[in-house]
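Undergrad: Sequence:
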Amino acid sequence: MQLDFKKGNGLVPVVIQHFLSKQVLMLGYMNKAALAKTKKEKRVTLYSRSKKRLWTKGETSGNFLEVESIAADCDQDTLLILARPLGPTCHTGQASCFGQREAKGFVYELQDVIEKRIEDGDADSYTRQLFDRGINKIAQKVGEEAVELVIEAKDDNRDFFVNEAADLLYHYLILLKAKNIRFEDVEASLLGRSKG
Numbered sequence: 001m002q003l004d005f006k007k008g009n010g011l012v013p014v015v016i017q018h019f020l021s022k023q024v025l026m027l028g029y030m031n032k033a034a035l036a037k038t039k040k041e042k043r044v045t046l047y048s049r050s051k052k053r054l055w056t057k058g059e060t061s062g063n064f065l066e067v068e069s070i071a072a073d074c075d076q077d078t079l080l081i082l083a084r085p086l087g088p089t090c091h092t093g094q095a096s097c098f099g100q101r102e103a104k105g106f107v108y109e110l111q112d113v114i115e116k117r118i119e120d121g122d123a124d125s126y127t128r129q130l131f132d133r134g135i136n137k138i139a140q141k142v143g144e145e146a147v148e149l150v151i152e153a154k155d156d157n158r159d160f161f162v163n164e165a166a167d168l169l170y171h172y173l174i175l176l177k178a179k180n181i182r183f184e185d186v187e188a189s190l191l192g193r194s195k196g
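So for the sequence shown, the numbering used here puts the first residue at 1; every next one is plus one.
Think of the hints as simulated: they come from the structure by calculation, not from any bench.
Treat the hints with caution; some may be incorrect.
What the hints assert, rightly or not - Using C-beta positions, here's what the derived DEER-type ranges look like:
| hint | residue 1 | residue 2 | range |
| --- | --- | --- | --- |
| 1 | Gln140 | Glu59 | 50 to 56 Å |
| 2 | Ala188 | Lys40 | 20 to 26 Å |
| 3 | Asn9 | Leu191 | 35 to 41 Å |
| 4 | Asn9 | Val150 | 56 to 62 Å |
| 5 | Ala123 | Ala165 | 25 to 31 Å |
| 6 | Ala123 | Trp55 | 50 to 56 Å |
| 7 | Ile181 | Pro88 | 19 to 25 Å |
| 8 | Val150 | Ala71 | 34 to 40 Å |
As the list claims (entries may be wrong) - Within a straight-line C-alpha distance of at most 25 Å, the following computed BS3-like cross-link-like pairs (lysine-lysine) qualify:
| hint | residue 1 | residue 2 |
| --- | --- | --- |
| 9 | Lys37 | Lys51 |
| 10 | Lys6 | Lys52 |
| 11 | Lys7 | Lys37 |
| 12 | Lys52 | Lys40 |
| 13 | Lys40 | Lys51 |
| 14 | Lys116 | Lys137 |
| 15 | Lys39 | Lys22 |
| 16 | Lys116 | Lys177 |
| 17 | Lys6 | Lys22 |
| 18 | Lys52 | Lys37 |
| 19 | Lys7 | Lys52 |
C-beta atoms are modelled at their ideal positions from N, C-alpha and C, and glycine is treated no differently.
Turn these sequences into a full structure, and let the hints steer you where they fit.
TA: Right under this line is the structure:
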């Protein structure tokens, strides 16, 4: 990475995103020293244009941004950092300095829908009924859906296969809820495996 610090009078803009959700957390600036310190310590250090000094994000609040990856854009004059926040990024207490609610993919939204159906206690909800039957019934249902997916995998009907995959995912999320585990935990485990 051969960054062009000249365009910005010794600074390059840095977009910082959540390493999992890809939510934009903040925008900052780095000079060469800030980048070197960030790489060495694996925590985001920026150059404060108002204070005219380096500052490590979280140095007073403890809400550090641990670096997962650093990439330069095609012009080598902007950085993108994927970071693991150790608390709210914004000084206002919000997750993002841009104030939007946390960006989530559809699987996370589905997980929230499942949790709401379970917690609302609607007796007519299939999800709630299955959850109330306990872990053994939920696990059995996940097993049944997995077998149905395997059977469809051997056939050539794409639509049936996709529908069975959706059924398996839905029931898997119910099982995670029953085990008090969130999809984020599974995603973090997979991310850890991909690094080692």
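Undergrad: Each hint should be assessed against the structure and marked as holding or not.
TA: Taking the hints in turn, this is what the structure says about them:
Roughly 51 Å separates the CB atoms of Gln140 and Glu59, a value that falls within the hinted 50 to 56 Å. Between Ala188 and Lys40 the beta carbons are some 24 Å apart, a value that agrees with the proposed interval 20 to 26 Å. At about 36 Å, the CB distance of Asn9 to Leu191 agrees with the hint of 35 to 41 Å. At about 60 Å, the beta-carbon gap between Asn9 and Val150 stays in the expected band of 56 to 62 Å.
Checking the proposed 25 to 31 Å range against Ala123 and Ala165 shows it holds: the Cβ atoms sit about 29 Å from each other. Distance hint for Ala123 and Trp55: a CB-CB separation of about 54 Å, consistent with the stated range 50 to 56 Å. About 24 Å separates the C-beta atoms of Ile181 and Pro88, a value consistent with the hinted range of 19 to 25 Å. For Val150 paired with Ala71, a C-beta distance near 38 Å keeps the hint of 34 to 40 Å intact.
Distance check on the hinted pair: Lys37 and Lys51 sit about 18 Å apart at the alpha-carbon level, within 25 Å; holds. The suggested pairing of Lys6 with Lys52 holds, with an alpha-carbon distance near 17 Å, which does not exceed 25 Å. Taking the CA atoms of Lys7 and Lys37, the gap is near 21 Å; set against the 25 Å cutoff, the hint holds. Simply put, Lys52 and Lys40 have alpha-carbon atoms about 21 Å apart, close enough for the 25 Å limit, and the pair holds.
Taken as a hint, the Lys40 and Lys51 pair is honoured in the structure, with Cα atoms around 22 Å apart against an allowance of 25 Å. Taken as a hint, the Lys116 and Lys137 pair is honoured in the structure, with Cα atoms around 20 Å apart against an allowance of 25 Å. Between Lys39 and Lys22 the alpha-carbon distance is near 20 Å, which keeps this suggested pair within the 25 Å criterion. For the hint linking Lys116 to Lys177, the alpha-carbon distance of about 11 Å falls within 25 Å, and the restraint holds.
For the hint linking Lys6 to Lys22, the alpha-carbon distance of about 29 Å lies beyond 25 Å, and the restraint is violated. For the hint pairing Lys52 with Lys37, the CA-to-CA distance comes to about 16 Å; that is within 25 Å, so the pair holds. Pair hint Lys7 plus Lys52 holds up; C-alpha atoms about 18 Å apart against a cutoff of 25 Å.
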